[in-house]
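With the hints as extra help, turn the sequences into a complete structure.
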Amino acid sequence: MNTTAHDLGARVAQSASLEQVRKSDLQSGDRVLVTTRNSRYRIEVLGDGMYRVSGGWFDRKNMSPLKLGINGCTWGGSAIKVDVVAACGLHLEFGNRVLTSRIERLRVIPAEIRTTIN
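For the sequence shown, position 91 (counting from the first letter as 1) is numbered 113 according to this note's numbering, and the numbering increases by one without interruption.
Quick caveat, the hints were computed from the structure, so don't treat them as lab data. On a predicted model such as this, the values are computed, not experimentally measured, just so you know. Some clues are possibly wrong.
Unchecked claim - Cross-link-like lysine-lysine pairs, in silico, BS3-like; alpha carbons within 25 angstroms at most: (1) Lys103 / Lys89; (2) Lys103 / Lys45; (3) Lys89 / Lys45.
As the list claims (entries may be wrong) - Okay, the calculated beta carbon distance ranges per label pair: (4) Val130 / Leu88: 36 to 42 angstroms; (5) Ser50 / Gly98: 29 to 35 angstroms; (6) Glu134 / Asn60: 30 to 36 angstroms; (7) Asn84 / Glu134: 30 to 36 angstroms; (8) Leu40 / Asn60: 17 to 23 angstroms; (9) Gln49 / Ser100: 27 to 33 angstroms.
Glycine is no exception: its CB is placed at the ideal position from the N, C-alpha and C atoms.
Rendered as structure tokens:
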């Protein structure tokens, strides 16, 4: 087995134990708070694969909030885990190809909890 295949296999095996938020586990109105090494992002699920994102790079470029897709998370290279919005230890890649620094923490705030608090 070549080195690339071995590395990819190890990453796939590692991905099962990551603290992560899967796209399929989110509903419209849920929010995901993501803290990376350098920034914080607030991601609101809009549905149909779209999200309203603010914070971090988007704030620095005066683009918050911005509606866009999320490609998934990478280990820093070209391999991407497309089934997740965020995973600790990985880099989040937005639909506009912006790649975050490594994710350190994440938190999901379900829509129904936000509704009962307001």
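Cross-check of the supplied hints:
Distance hint between Lys103 and Lys89 is fulfilled; the C-alpha atoms sit about 21 angstroms from each other, no more than 25 angstroms. For the hint pairing Lys103 with Lys45, the CA-to-CA distance comes to about 11 angstroms; that is within 25 angstroms, so the pair holds. Distance restraint check for Lys89 and Lys45: the Cα-Cα separation of roughly 16 angstroms lies within the 25 angstroms cut-off, and the hinted pair is therefore satisfied. Roughly 20 angstroms separates the CB atoms of Val130 and Leu88, a value that falls outside the hinted 36 to 42 angstroms.
Hint check: Ser50 to Gly98, Cβ distance near 31 angstroms, so the stated range 29 to 35 angstroms holds. For Glu134 paired with Asn60, a C-beta distance near 32 angstroms keeps the hint of 30 to 36 angstroms intact. The hinted window of 30 to 36 angstroms between Asn84 and Glu134 holds, with their beta carbons roughly 32 angstroms apart. Here the CB-CB span from Leu40 to Asn60 is close to 20 angstroms, well matched to the stated 17 to 23 angstroms.
Checking the proposed 27 to 33 angstroms range against Gln49 and Ser100 shows it holds: the Cβ atoms sit about 30 angstroms from each other.
Of the numbered hints listed earlier, the single one contradicted by the structure is hint 4.
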